[in-house]
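Enquirer: Since the structure of chain A is already known, use the hints to place chain B on it.
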Amino acid sequence: MGWTLQLMRILIETSQATFSRAGEAVFEPIDLSVAGGRALVVRGANGAGKTTLLRLLAGILRPSAGQVKRHAPVAFLGHLAAFKGELSCRENLDFRRRFSGTGSGMSNSRALARVGLAGLGLRPARTLSAGQKRRLGLAGLLVAPAAVWLLDEPYASLDDDGCTLVDTLLADQIGRDGSVILSTHQRQPELEASPEVLVVQRHAQGG
Amino acid sequence: MLSSMNALLRRDLRLAVRHGGESLMPLIFLFAVIILVPLGVGPGPNLLASIAPGMVWVAALLASLLALEQLFRPDLEDGTLEQWWIGPGSPAALVVTRLFSHWLITGVPVIVFAPLAAEMLYLPDSALPTLMLSLLIGTPILSLVGGLASALTLGTNRGSVLLSILVFPMVVPVLIFATGGVAAAAEGLSASAHMGLLTALLILAVTLVPLATTAALRLNIE
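Heads up: the sequence lines are chains A and B, in that order. Each residue of the first sequence is one higher than the one before, counting from 1 in our numbering. Each residue of the second sequence is one higher than the one before, counting from 1001 in our numbering.
With the rest of the complex left out, here is chain B:
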């Protein structure tokens, strides 16, 4: 089973590298938001510092959403998906692997470049660790929730509108707790309550989403 998961992960990353430009989209999104928004709202440090967490988070959300349409569809269309149910690997483990690679491709680049983005937006240094922590806990939730929505809309032709409608309400709490925590840290308050709730959401998503996603995929190949 580990060998199947390993093979799938390696192939997903190889395909991401081969697609090149598409895989850079999360970063392009992040920096498009960070460069363009100050042009619109004005470059005042105080204003930017107060909206910085929200901007980084919205960029992370859009970057994650962008790749969701293609999360399972190519595999459904070329017959790879049905192979998940044959052979030694458990489908749920392969679903987890696929979501993990989605996170590596869309979440990790945003996390890695978040300090630079925070610096560009005058986020107080005291809030940076909380921003990083919130991204570390929160971006996997985006991948998990998005994966479930992606599996549910697989049967609909061009389901991206439906996909967004499904994802947005489910990620609202993530956005609220993450940005609330960073704002609290910027004011010198403790963010542990926010991060605790975020972690609870992550645990909930990690336990429920793989099973639900596997069931949704199964319906689509039948």
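Okay, chain A solo, but in the shape it has when bound:
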């Protein structure tokens, strides 16, 4: 029975959660639950509230109604990769590891090699291209492992090779019984088991 329980362990869930900005709900209330080893793709039109939902799940925003329950540590990778341009890639990753307080992540050089930035450890982060910055963000997920990954448009500004890399990292995370919730509107993740899809509906505006 052990593995069944493991498989069904819910890592993050919401009940009727929504977020209001200036008194207006951003999207219709959302119920979701994601178990270990599962992925969820968040879809929706521009401005429907995909990013807001992910920030809500991460705990950056507080739900204005309903509940968000996190049963495991989460990592959030948004449009801003949260790196300091003045510091080298390695120093940025060191910070990420210490800040998250998880000791069991990959070493810097392994993580950088994994995301295709091998040999760039000493480069200041500001000298990286947009795509390389996204890759450094992914390396951040590897050095500070979290059971739940919340990825906002992980495929943005990545080349084909980078998109394949994201798919591989997602598969690894799911293989570790972690969960992934990602928003995307360009590309669908190519995974063994096709992920569930949640469509975020913009809240019907009165007037």
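It should be emphasised that the hints constitute simulated quantities derived from the structure, not laboratory data. Some clues are possibly wrong.
Said to hold, decoys possible - Quick list of simulated restraints, FRET-style, between CB atoms:
#, chain 1, residue 1, chain 2, residue 2, range
1, B, LEU1136, A, LYS69, 42 to 52 Å
2, A, ALA156, B, PRO1074, 18 to 28 Å
3, A, SER129, B, GLY1042, 53 to 63 Å
4, A, SER157, B, LEU1211, 33 to 43 Å
5, B, GLN1070, A, ALA65, 28 to 38 Å
6, A, ALA65, B, ALA1215, 14 to 24 Å
7, A, GLN188, B, ILE1028, 53 to 63 Å
8, A, ARG43, B, ILE1028, 51 to 61 Å
9, A, GLY175, B, PRO1074, 34 to 44 Å
Backbone N, C-alpha and C define an ideal beta-carbon position, used for all residues, glycine too.
Expert: Below, chain B alone, put in the same frame as chain A:
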């Protein structure tokens, strides 16, 4: 949580070292005031001794104010700030850490070089311990009050004017009690009442500011 605070402090100091010149600004300010003001008001020892505490304190205030604009803004812009709400560290503890590093960068250099400045301005030796004590108690208040103002003005574009307007009234009592205490000590009177009031202000700021600042930051990332 301690590991997050430690990581943040180390990174803040590392960035300060990397910015080099900018981090020397507090000292440049201190010595600019101390060298330039005697040129303006005349080098008479009696005059300088009587305005010395005020000059050191104004330099400390300006040094603290100078770095406030950049206290939270870079972190807001590069997405680091929102990470404070994820993960094991409590945001209020991280706010305290950030204010502590601001004090280390802007307050401590002024404290360390205050004896030299006092000597240059003919401050009586009997008043030096009180000046040091007032800086030790008072400069953290400047960082705390400034941090709150900085968090409140984060949403406004180029909020430095608003920031100064917010900070100045709140630090007036600090300036009055600190310089009043030093002047009293210079005349051989007890400064304990002044220092007591200054300590009360510090306790008030330490208890209220981290919570208020955290709330203000939260509004800005939402």
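Enquirer: Each hint: holds or not?
Expert: Status of the hints after comparison with the structure:
no. : hint                               : result
1   : B:LEU1136 <-> A:LYS69: 42 to 52 Å  : 46 Å, holds
2   : A:ALA156 <-> B:PRO1074: 18 to 28 Å : 22 Å, holds
3   : A:SER129 <-> B:GLY1042: 53 to 63 Å : 59 Å, holds
4   : A:SER157 <-> B:LEU1211: 33 to 43 Å : 38 Å, holds
5   : B:GLN1070 <-> A:ALA65: 28 to 38 Å  : 37 Å, holds
6   : A:ALA65 <-> B:ALA1215: 14 to 24 Å  : 20 Å, holds
7   : A:GLN188 <-> B:ILE1028: 53 to 63 Å : 56 Å, holds
8   : A:ARG43 <-> B:ILE1028: 51 to 61 Å  : 54 Å, holds
9   : A:GLY175 <-> B:PRO1074: 34 to 44 Å : 37 Å, holds
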